[in-house]
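The listed protein sequences derive, respectively, from chains A and B.
When we follow my numbering, the leftmost residue of the first sequence carries the number 1, and every step to the right adds one.
When we follow my numbering, the leftmost residue of the second sequence carries the number 1, and every step to the right adds one.
Treat the hints loosely; a few may be bogus.
Derived pair list, reagent style DSS-like, types lysine-lysine, alpha-carbon separation capped at 30 Å [what the hints assert, rightly or not]: (1) LYS222(B) - LYS289(A); (2) LYS267(A) - LYS74(B); (3) LYS98(A) - LYS313(A); (4) LYS127(A) - LYS98(A); (5) LYS267(A) - LYS243(B); (6) LYS432(A) - LYS74(B); (7) LYS267(A) - LYS64(B).
The set of hints was computed from the structure by calculation and includes no laboratory data.
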Amino acid sequence: MRTVLALISKEYKLFLSDRVAMGFTFLIPIALIAIWGSIFGNVDSGPEHLRLAFLNASSSPIGRNIEKVLDTTRTFSLVKSYQDERGIEIPFDTVTIKDYVRKGNASAALVIPPDAYTGTSIGLKLKFYYDPKNDMEMQIIQGVLTQTIMSQLPGAFIEGMQRKAVRYLGLDSGTAFNTGIKSLVSRYFNIDTSKIVFPSLKDTIASTSQESKGGKEFFKNVLDFESEQLVGKNIANPWATRSVGGWAMMFLMFTLTASSVSLFEEKLSGVVLRILASPISRVQILWSKYLFNMSLGFIQLAVLFVFGSILFKIDILSNLVALTLLLVGASMACTSFGMLLSAVSKTQSQARGLGTFLILAMSSIGGAWFPTTFMPGFIQAISKLTLVYWAMDGFLQVLWRGAPLVDILPNLGVLLLIAAIITSVSILQFKKGHVF
Amino acid sequence: MIRISDVTKKFPTVTALQNVSLTVADGEFFGLLGPNGAGKSTLMNLLIGYLDPDGGDIFVGDEKVTRDNLEARKNIGLVPQSLALYDDISAQENLEIFGSFYHIEKRTLLDRIEERLRAVELYDRRKDKVSTFSGGMKRRLNLIASLLHDPKLLLCDEPTVGVDPQSRNAIFDYLEMLNRGGKTIVYTTHYMEEAERLCTRIAIIDSGTIITEGTLDDLLAKLSYEESISIIKNSSTIEKLEKFRQFGTVVDDDDRYELKPNGTFRLSSFFKSMEDEGVSTRFIQMSKPTLEALFLNLTGRSLRD
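I would like the entire structure built from these sequences, with the hints used as guidance.
Shown next as structure tokens:
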């Protein structure tokens, strides 16, 4: 037993000897739990401020009510206009609101058409356009939207039911039914029948010709929710197409972190000293590492996407140039990330610990695991500082939305900017000389 | 070949080298002898331009050695103290990688690799992964990996650490052959036997300072005595410690006393006195003075401290 205790003691001494690496052992789970907690902590109240494009073309009170309720609900952030090329805000029409969703500016749009609810309607007509780039997000949007609309419908629902009943039973039976109801209410509540007012049934009769009289379809058209998927209709495997970018980025970062920290192994073994004893400069070593890791990252991503294409029928050929440039940008940004880990860490253990933490944190808040729209506003803002966010968004645009090269230029620009900034910081850190 | 002028190198917590000046001539086998932590490896790192000095200059040939001057390194080969090899690939692949840093024509490089592998008796194992090699074999491979560009100057930083006697001798023979072929060699060690066997000129370094330098004979001549006397510790010799001190300075060195005779020392009177005191001559060993004794004389400490 003493021997085992001595061995355990040895393990703890070694573990405690690298304080920073030890810190990561505890910091990583604490930080990730904190991040996930802040994301899912509000699970009872649901996600907030999901962007919903909205157009109310109806003058009906119920349309105004729905707009008012959606305007004040925390779940949605209604977008009612877009900016044109000159930066001028222009209210949506039925065409531009669909383009807005197609371009990925919002995941869904709700249109209340001019004939949404008229004096003769037996139900409420709504149009719903959506981009199911994320299943979880779409289910929540549809669920909350239906619930919100239905909560505003009781009056219209009763009114519609009554109109439907009259059309089904005929005017005489309907009038007799109303008279009977009035008598009952008058008798039990001691109210004068003249004070009990039902809507006129004559208006209802005027537009009955097209209505079905089948009892099975009695509830049809009380809420006529016309849905149209605007993006990804022809994609063979939506799940794989949407997910491949996020997972590829996460594994790429793990690969490049491992590759970058190999500098520590080379230093420990003396190989770095041997290389620097030859006519090779530190800058040349760094660039060779950078270019190797970048090409390795590119090849890994390319292989993953090719396999995704073979196994899951992900369409990688339609926008091959845009996809290739995006792979280059993502590889460069991830390589810079790996180099930074080597530059700021003093030991291999520290680099691995810091790498694991940052990869998991960036993947989770960057949208690789769940939609960024589920996260609190400040985390959504932070997520835009991560390379995972921009790479994933780019992959989604190219593979899911079929976006051309020009549409992913901002993503490409941000990835290259991230690569340039992080590489510069890394080189400055390397010059301070932890590794060399 | 090498000119080191007044070089100082400081680290945050220690001054590794203090005003070191040395010259090494073309074709010399120069030894740098000192205990661990004396500053030998720091001096090597300065010689290859891995570090820049805080003061002073270093020239190899006509090139000033700095971190940024890659030209100076073309004529230098470094045998690092650690086994600077890739374990997971073969000996041949290691050598091809390290040779490629010097832009040697492919055929020439392959010929040199074969010649060097044969010279250190590793040719038959050239396709084996380095991880399967013994410590001695790795040391030999570590040595020839520094010679592929045929440097004029070879810097060996304790190249025999942890090596079995057979491999050590093979390394010594090979280095001597290289030196005979005209290579200038700087060899750091804390084993005085190695310096005595190999080096035509030796500098002794301690605490970042060169405390003496010269040929082996020059250095030994600095001792004031011609015999080195070791007295094995046991109950009879320990109680006679004061008696020994009448003949010189006694240094306690593990299992023995090292007696550094004083100027009036007479061997005959020493042995007569021992006989009178009843100390058996079995416990007394005479030898020619060594660099170890010189280091002890100069610093009061053993090279192994």
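Hints and how they fare:
1. LYS222(B) - LYS289(A): Status violated; Cα separation ~53 Å.
2. LYS267(A) - LYS74(B): Given that 30 Å is the threshold and the Cα spacing comes to 21 Å, the pair holds.
3. LYS98(A) - LYS313(A): 27 Å, holds
4. LYS127(A) - LYS98(A): 11 Å, holds
5. LYS267(A) - LYS243(B): 54 Å, violated
6. LYS432(A) - LYS74(B): Holds. LYS432(A) to LYS74(B) sits at ~26 Å (cutoff 30 Å).
7. LYS267(A) - LYS64(B): 25 Å, holds
The structure does not agree with the numbered hints 1 and 5 stated previously, though it agrees with the rest.
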